[in-house]
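Residue numbers (our numbering), protein chains in the order written: chain A, 1 to 303; chain B, 1 to 282.
Just so you know, the hints here were simulated from the structure itself, not pulled from any lab data. Treat each hint with caution, since some may be false.
To be verified - Derived coverage of chain B by chain A (criterion: at least 3 residues anywhere in the stretch with Cβ under 8 angstroms from a Cβ of chain A; other residues may be distant):
hint : segment
1    : 101-110
2    : 167-175
What the hints assert, rightly or not - Distance windows between CB atoms, simulated:
hint : chain 1 : residue 1 : chain 2 : residue 2 : range
3    : B       : 74        : A       : 71        : 46 to 52 angstroms
4    : B       : 74        : A       : 73        : 43 to 49 angstroms
5    : B       : 67        : A       : 213       : 58 to 64 angstroms
6    : B       : 67        : A       : 53        : 17 to 23 angstroms
7    : A       : 290       : B       : 67        : 35 to 41 angstroms
8    : A       : 155       : B       : 265       : 33 to 39 angstroms
9    : B       : 262       : A       : 13        : 40 to 46 angstroms
To be verified - Examples of chain B residues lying across from chain A (beta carbon under 7 angstroms, computed):
hint : residue
10   : 30
11   : 50
12   : 52
13   : 98
14   : 122
15   : 123
16   : 124
17   : 128
18   : 131
19   : 154
20   : 186
21   : 218
22   : 256
23   : 257
24   : 264
Glycine residues also receive a C-beta, built at the ideal position from the N, C-alpha and C atoms.
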Amino acid sequence: MTVWSVGRDWGDARRRSFLLGLAPALLVLMAITVAPGIYLFLTSLTPLNLTMPDTAWDFSAPHYNYLDLWEDPRFSHSVIIQTKLSVATVVLQLLVGLGFALLLNRGTAVRRFARSALLVPMVLPPIVVGIIWRVMFTVDISPLHRAAAWLGLPIKSIITDPGLALWAIVFVETWEWFPFTMLMVLAALQMIPDSPIEAAKIDGANDWQIFRHITFPYIQQTLIVAGLFRLIDSIKAFPLIFVLTDGGPGDVTEVTNYYAYRQAFTFSLWGYGSAIATLMVVGIFVLSWIIDRLTRAVHAEAG
Amino acid sequence: MRKPAESAAGPGWIGRQREALGDAGALVLMVVVLFPFIWLVQMSFRPNKDIFGYDLLFMPTLDHYRALWTGAFSKSFVNSAITSGASTLLSLLIGVPAAYALSRGGFRSSRRIALWILATRMAPPIAFTIPFFLAYRHAGLLDTHLGLIIVYLTFNLALVIWMMQPFFDGVPRELEEAAWIDGCGVWQAFRVVTLPLAAPGLAATAVICFILSWNDFFYALVLTRTNASTAPVAIVNFIQYTGWEWGRIAAAGTLVMLPVVVFSMLVRNYLVRGLMAGGTKE
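Assemble the whole structure, with the sequences as input and the hints as a guide.
Below is the structure:
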């Protein structure tokens with residue numbers, strides 16, 4: 001048998017086997033992602049309400065849910081809240097994460113330990129993060145509130161204050177997710193060669209100049225990618241809001257995701273909830289498409 | 001793996017001072033950031049009469065843990081382990097061959113499949129819960145282990161396919177070619193040669209799948225009631241029934257996070273790759 005024919009048989013057999021290996025995953029993914037997606041979209045075209053069974057496949061007015069959404073002030077309010085929450089928390093996460101990465105980017109034992117320990121907030125079950133901060137934000141029992149009172153500066157409850165509740169969520173969300181940026185920036189910092197920094201030092205550049213002109217250009221793309229990833233995930237915020245504020249007080253922390261959940265699972269307005277979810281999917285896909293473009297650009301630049 | 005400290009800070013006296021100052025700063029900041037987390041853990045060991053106390057010296061008690069053990073909470077813990085474990089296994093079983101095929105096959109549609117996987121990673125859970133809830137009502141899968149296991153595939157399967165590919169890319173084809181000449185079939189060569197070499201990646205992937213399923217709150221809240229409810233949901237349930245009984249809540253929270261914290265320290269080097277699933281490719 002010549003080498004050439006080994007190669008061809010091998011290639012053919014492999015191709016067939018690969019299709020066989022790929023097929024189950026594609027079928028399952030199809031069944032659990034595409035089928036529900038279609039079901040969701042179809043439901044969004046009906047006035048489905050589980051207390052009225054005949055509303056299930058009523059397509060007589062397919063666009064009504066979307067028309068209602070257009071005129072629903074609570075929906076547009078939820079989008080504004082969502083935008084505030086997402087933008088504020090992503091910006092803060094990037095800043096805090098970058099700061100910690102720069103501080104911890106040294107090989108000392110202390111800082112290596114801190115690097116691992118600071119991953120904890122990110123991996124905790126989100127419901128536990130909610131409970132941890134519920135303790136911190138409950139006036140009678142929080143060590144922070146009691147310390148403030150002891151210092152003669154009592155602070156009123158933050159999560160029940162309509163003006164501050166959203167910022168409490170922003171704060172906790174930042175606490176939970178700054179390690180993600182930290183970890184990514186640390187990885188990027190490891191890729192920076194030593195020589196330009198040393199050359200700049202010899203030329204008398206100060207720390208800020210080195211950061212601004214050498215370090216920052218290297219980690220800029222990483223920051224953008226980390227920010228976009230966190231931006232998309234911030235749209236899913238649920239457990240924190242569920243435990244800390246339940247969307248309140250009033251509706252000041254009711255983000256779009258939470259509003260959709262309430263419409264469907266609390267008010268049983270499944271058609272309407274589906275319409276909100278469909279719009280969210282569209283929004284997120286547009287964002288994903290942008291990320292894909294960007295990461296490919298990064299890849300092309302790096303390669 | 002890092003450049004030595006001296007090269008960045010300078011070997012002199014001032015350099016060492018700066019280094020020590022930075023270390024101290026890092027330590028203080030770490031304690032400040034982790035304080036709320038540590039507070040919850042210590043609360044879980046405090047006796048009820050002193051639950052909000054802040055003296056550091058107190059007689060630790062396991063009362064809260066004991067109360068959880070005898071209550072309904074222990075069952076939810078088992079439920080969590082069953083659904084997370086089964087979903088992890090199932091997604092590895094289906095996803096690993098697919099990842100291998102995508103790594104080696106050179107399909108023209110690889111790019112499109114990768115994009116689709118990214119999309120499932122990005123889609124908001126609410127978009128899955130509504131159709132799954134409606135379908136499960138008819139299929140009788142509400143409040144069952146199987147129901148949750150299937151839903152967890154929506155994120156785990158995509159993660160496995162995406163995370164395992166680079167590990168397979170790293171195994172040289174020549175080894176498989178040699179196995180083929182020795183009479184191995186394609187999948188036999190995969191099992192005997194390639195998979196063992198990608199074992200560290202497989203372990204990391206499994207752990208991350210397990211953590212993601214274990215941490216889930218939203219799907220379990222919506223799709224289970226009592227029979228199959230997982231530990232995170234059980235905490236919320238007993239808050240609703242018995243009010244804010246802080247000692248027990250703290251103990252439950254500590255128990256739920258314990259496996260996750262341990263596991264994630266084991267795979268911390270792979271965490272970013274897992275969490276970014278679908279983004280940049282190394």
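Okay, the hints, checked on the actual structure:
no.	hint	result
1	101-110	holds (count 5)
2	167-175	violated (count 0)
3	B/74 x A/71: 46 to 52 angstroms	holds (49 angstroms)
4	B/74 x A/73: 43 to 49 angstroms	holds (46 angstroms)
5	B/67 x A/213: 58 to 64 angstroms	holds (59 angstroms)
6	B/67 x A/53: 17 to 23 angstroms	violated (43 angstroms)
7	A/290 x B/67: 35 to 41 angstroms	violated (50 angstroms)
8	A/155 x B/265: 33 to 39 angstroms	holds (35 angstroms)
9	B/262 x A/13: 40 to 46 angstroms	holds (43 angstroms)
10	30	holds (4 angstroms)
11	50	violated (12 angstroms)
12	52	holds (5 angstroms)
13	98	holds (3 angstroms)
14	122	holds (5 angstroms)
15	123	holds (6 angstroms)
16	124	holds (5 angstroms)
17	128	holds (6 angstroms)
18	131	holds (4 angstroms)
19	154	holds (5 angstroms)
20	186	holds (4 angstroms)
21	218	holds (5 angstroms)
22	256	holds (5 angstroms)
23	257	holds (5 angstroms)
24	264	holds (4 angstroms)
The structure fails hints 2, 6, 7, 11 (numbered hints given earlier, in ascending order).
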